[in-house]
Amino acid sequence: MEIFDFIGAKLADFLTYTGFACAEWGNWGMILAGAFFLWLAIKKDFEPLLLIPIGLGIILGNIPFKAVGLEIGLYEDNSVLNFFYSGVKNGWYPPLVFLGIGAMTDFSALIANPKLLLVGAAAQFGIFGAYMIALAMGFEPNQAAGIAIIGGADGPTAIFLSSKLSPNLMGAIAVCAYSYMALVPVIQPPLMRLLTTKKERLIRMKPAREVSQTEKIIFPIVGLLMTAFIVPSGLPLLGMLFFGNLLKESTKTTRLAKTAGSALNDTIVMLLGLTVGCSTQASEFLTWDTIKIFMLGALAFIIATASGVLFVKFFNLFLPKSKKINPLIGNAGVSAVPMAARISQNLGLEYDSKNYLLMHAMGPNVAGVIGSAVAAGVLLGFLS
Amino acid sequence: MMIHKRFLGILMGLAVVAAAFGQGARSFKISEVVVSNTNGLIDEYGGRSGWIEIANTSWGTINIRNCYLTTNREALNAELSVPERVKLMSLIPKGDSRTNLSAQQRIVFFADGRTNLGTVHTNFRLEPGKPNFIALFDGNGKTLLDSVTVPPLAENQAYARIYDADGDGYKWLVLEGEEATPGSPNVGQGQGEDKIAEWKEKDPHGIAMSIIAMGVVFTSLVALYVFFRLFGYAWTMLSKMSRVRAIRAVRDQADKAAVMAKQGLETKGVDMKVYMALIAMALKEYEEDVHDVESNVLTYHTDEYSEWSAKGFTMREWPENLH
Chain F
282 MEIFDFIGAK
292 LADFLTYTGF
302 ACAEWGNWGM
312 ILAGAFFLWL
322 AIKKDFEPLL
332 LIPIGLGIIL
342 GNIPFKAVGL
352 EIGLYEDNSV
362 LNFFYSGVKN
372 GWYPPLVFLG
382 IGAMTDFSAL
392 IANPKLLLVG
402 AAAQFGIFGA
412 YMIALAMGFE
422 PNQAAGIAII
432 GGADGPTAIF
442 LSSKLSPNLM
452 GAIAVCAYSY
462 MALVPVIQPP
472 LMRLLTTKKE
482 RLIRMKPARE
492 VSQTEKIIFP
502 IVGLLMTAFI
512 VPSGLPLLGM
522 LFFGNLLKES
532 TKTTRLAKTA
542 GSALNDTIVM
552 LLGLTVGCST
562 QASEFLTWDT
572 IKIFMLGALA
582 FIIATASGVL
592 FVKFFNLFLP
602 KSKKINPLIG
612 NAGVSAVPMA
622 ARISQNLGLE
632 YDSKNYLLMH
642 AMGPNVAGVI
652 GSAVAAGVLL
662 GFLS
Chain L
1187 MMIHKRFLGI
1197 LMGLAVVAAA
1207 FGQGARSFKI
1217 SEVVVSNTNG
1227 LIDEYGGRSG
1237 WIEIANTSWG
1247 TINIRNCYLT
1257 TNREALNAEL
1267 SVPERVKLMS
1277 LIPKGDSRTN
1287 LSAQQRIVFF
1297 ADGRTNLGTV
1307 HTNFRLEPGK
1317 PNFIALFDGN
1327 GKTLLDSVTV
1337 PPLAENQAYA
1347 RIYDADGDGY
1357 KWLVLEGEEA
1367 TPGSPNVGQG
1377 QGEDKIAEWK
1387 EKDPHGIAMS
1397 IIAMGVVFTS
1407 LVALYVFFRL
1417 FGYAWTMLSK
1427 MSRVRAIRAV
1437 RDQADKAAVM
1447 AKQGLETKGV
1457 DMKVYMALIA
1467 MALKEYEEDV
1477 HDVESNVLTY
1487 HTDEYSEWSA
1497 KGFTMREWPE
1507 NLH
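Those protein sequences? They're chains F and L, same order as listed. Per our numbering, the first sequence runs over residues 282 to 665. Per our numbering, the second sequence runs over residues 1187 to 1509.
If you're looking for bench data, these hints aren't it; they were derived computationally from the structure. Fair warning: there could be bad hints in the mix.
Calculated pairs, EDC-like style, for lysine to aspartate or glutamate (alpha carbon to alpha carbon, straight line, at most 16 Å) [as the list claims (entries may be wrong)]:
#1 539/F <-> 387/F
#2 347/F <-> 357/F
#3 479/F <-> 357/F
#4 1426/L <-> 481/F
#5 487/F <-> 357/F
#6 1386/L <-> 421/F
#7 1381/L <-> 421/F
#8 605/F <-> 491/F
#9 1328/L <-> 1389/L
#10 1388/L <-> 421/F
#11 602/F <-> 496/F
#12 1280/L <-> 1324/L
Between beta-carbon pairs, the in silico distance windows are [as the list claims (entries may be wrong)]:
#13 1260/L <-> 364/F: 40 to 48 Å
#14 502/F <-> 1302/L: 36 to 44 Å
#15 1319/L <-> 662/F: 19 to 27 Å
#16 1304/L <-> 502/F: 27 to 35 Å
Partial list, derived from the structure: chain L residues whose beta carbon lies under 8 Å from chain F [said to hold, decoys possible]:
#17 1247
#18 1277
#19 1386
#20 1395
#21 1403
#22 1461
#23 1462
From the three backbone atoms N, C-alpha and C, an ideal C-beta is built for every residue, glycine too.
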């Protein structure tokens, strides 16, 4: 009979270890949120490459367990998840993602029409508009900066900066940034319609000139020198972005560029998404700060989109009629590549079935990537 | 060549080590010291002693294990060997996760002369009422990471490294006992602990930050714009000039061909039909891709037999009067 008592005691003990016994309402809420992300990604096709790892990460991170030193949790030293999380915590995943972005991005549209760089710069006002609002809501300057960078619409930059300036808010900031990036097709079009007239939406832009290979090779080198000398604190992001682009454009390292843009990038995106999702444990995530961050994130996106569109309208005042820019590409100044550019294209075609804006919109879109990395460098330099 | 490669390898190795070092142990700073602790921080065993706080001032995680603390100035003597110097220091042991400091984290060491009590206890004591020299050495026992000479302090007073918002760095201040912050950022005498406090105080609405940062973003991108505008213009002009040169070259060739044709027809007595047939033959062979490897040049091949290359046609007729 003693053996049965022993088995009974051990079973009872085992039950205390199960997730069911350890779960709190917050865990169930977060698991539902993770499932919602998966639904959005799989059923609605909203950024599946990001939302599937994040969604499953949220579920994974919210499966509770008894803390008895099993070294399995994300925040426990020596656990596998903690090892994966080091790329987020120490900020080395984002530069690797930037390497992949650089290796995949064609800067031709920007080189052919460099004035579109200014549209990318103007859209960064979303970051600083959100920064001011976050300060007004009572966040500390470093926290406000971490939250505001969501307005750059650049997930890796948001993770990089928040891991440095406000690590305790990083989970919420990362999930918020990626969620709104997935929701760009919902957020931007109404604003773009609201801020433009029908006549402006019909502006046809001249096809961009052909860009030589020499110009494409010079761009990452000069781009790195000019931006990094002005903002050295942006080096990890800018350096890797331009390095990736040079691998692509040099035409001598095609193998490396392919790896950086596919296998390496995919690996990092998987680990980044999963661990960012995992970091949203209910006890850390379900707070008023998270709700505020989501509100501020939405505002940052709205301000960034509006400032990009309005800047183009303002810029058009000084341009001759033949060189006017269609303000529908102003939204692409946020660096959600290439979603924001695709929205410009779709909206342009909606009003004129022969007005193809995609290549023009790619200019401010990739300028936005550079602009948000520079903005992150400035904030890091001032507040670290 | 091999020597060059080795030299480059050594240089790169040194650069990597220097970079790792620059971003690593150098970021440890002695940040706060209490020499005489009678009613402040207690250790794991409930005892009180003087303590030394060390901060990881970087934004990365660094482990302070294997570094050394000392109060002995003789450890600075470069003439001593490393083993001799290390004997004068207190080793921070490995194997304790507390020594792994994340960004901006601090660790407190109790200067109680009792290393048997654990990782955060040193083999020396601080001397109340006297200046105390404290130095932190890297794991090699030679490289001085940071040092400070603490002036004579009253009981429970702290000597703290505080961000100097009005200067260009940090300064040391004597704080009263209640202002001591072991394991936390130092704040005292109304001084902000770092840049963040300064921004909060002087730019509470974020206007200055927005103006400066947007200015920098615009400056960076305008610089790129100007460069690529000028570069694009120069490149387009060069392309145009090279196209013009190419067109001129073709035109010159055509002119030369016309002159040759005219001279051939008019002055060298070549039959025009023969001339045109030669050109037609060359064109045909070109289109059938049987021209030789020289690009853009029409070449007439004479390898295969044809009436045009027949030996008989190339020979002069034997003069009749010789027979």
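CA of residue 602/F to CA of residue 496/F, is that 16 Å or under?
Roughly 28 Å between the alpha carbons, so the hint for residue 602/F and residue 496/F is violated.
Compare the distance between the alpha carbons of residue 1388/L and residue 421/F with 16 Å, and conclude whether the hinted pair is satisfied. Since the Cα atoms of residue 1388/L and residue 421/F sit roughly 13 Å apart, the hinted pair holds (cutoff 16 Å).
| Could one say that the CB atoms of residue 502/F and residue 1302/L fall in the range 36 to 44 Å? | Violated - the Cβ-Cβ distance for residue 502/F and residue 1302/L, about 59 Å, lies outside 36 to 44 Å.
Given residue 1386/L as an interface hint, is the shortest Cβ-Cβ distance to chain F below 8 Å?
-> 5 Å, holds
* Below or equal to 16 Å on CA atoms is what counts here, so check residue 539/F against residue 387/F. => 14 Å, holds
Do the numbers back the hint for residue 1395/L, that is, is its least Cβ distance to chain F under 8 Å? 6 Å, holds
Is the distance from the Cβ of residue 1304/L to the Cβ of residue 502/F consistent with 27 to 35 Å? For residue 502/F against residue 1304/L, whose Cβ atoms are near 53 Å apart, the range 27 to 35 Å is violated.
query = Is the Cα-Cα distance between residue 1280/L and residue 1324/L 16 Å or less?
reply = Measuring from Cα to Cα gives roughly 14 Å; hence the hint holds.
Review point. Within a Cα-Cα threshold of 16 Å, do residue 487/F and residue 357/F meet the stated pairing?
Key: 57 Å, violated
When the least beta-carbon distance from residue 1461/L to chain F is tested against 8 Å, hint result: This interface hint is violated because 41 Å lies over the 8 Å limit.
Practice task
Measure nothing beyond the straight line between the CA atoms of residue 1381/L and residue 421/F; if it is 16 Å or shorter, mark the hint as holding.
Solution key: 12 Å, holds
* To do: For the range 40 to 48 Å, tell me whether the beta carbons of residue 1260/L and residue 364/F fit it or not.
  => Cβ of residue 1260/L to Cβ of residue 364/F: about 42 Å, so the range 40 to 48 Å holds.
In the structure shown, a violation is registered for the earlier hints numbered 3, 4, 5, 8, 9, 11, 14, 15, 16, 18, 22, 23, in ascending order.
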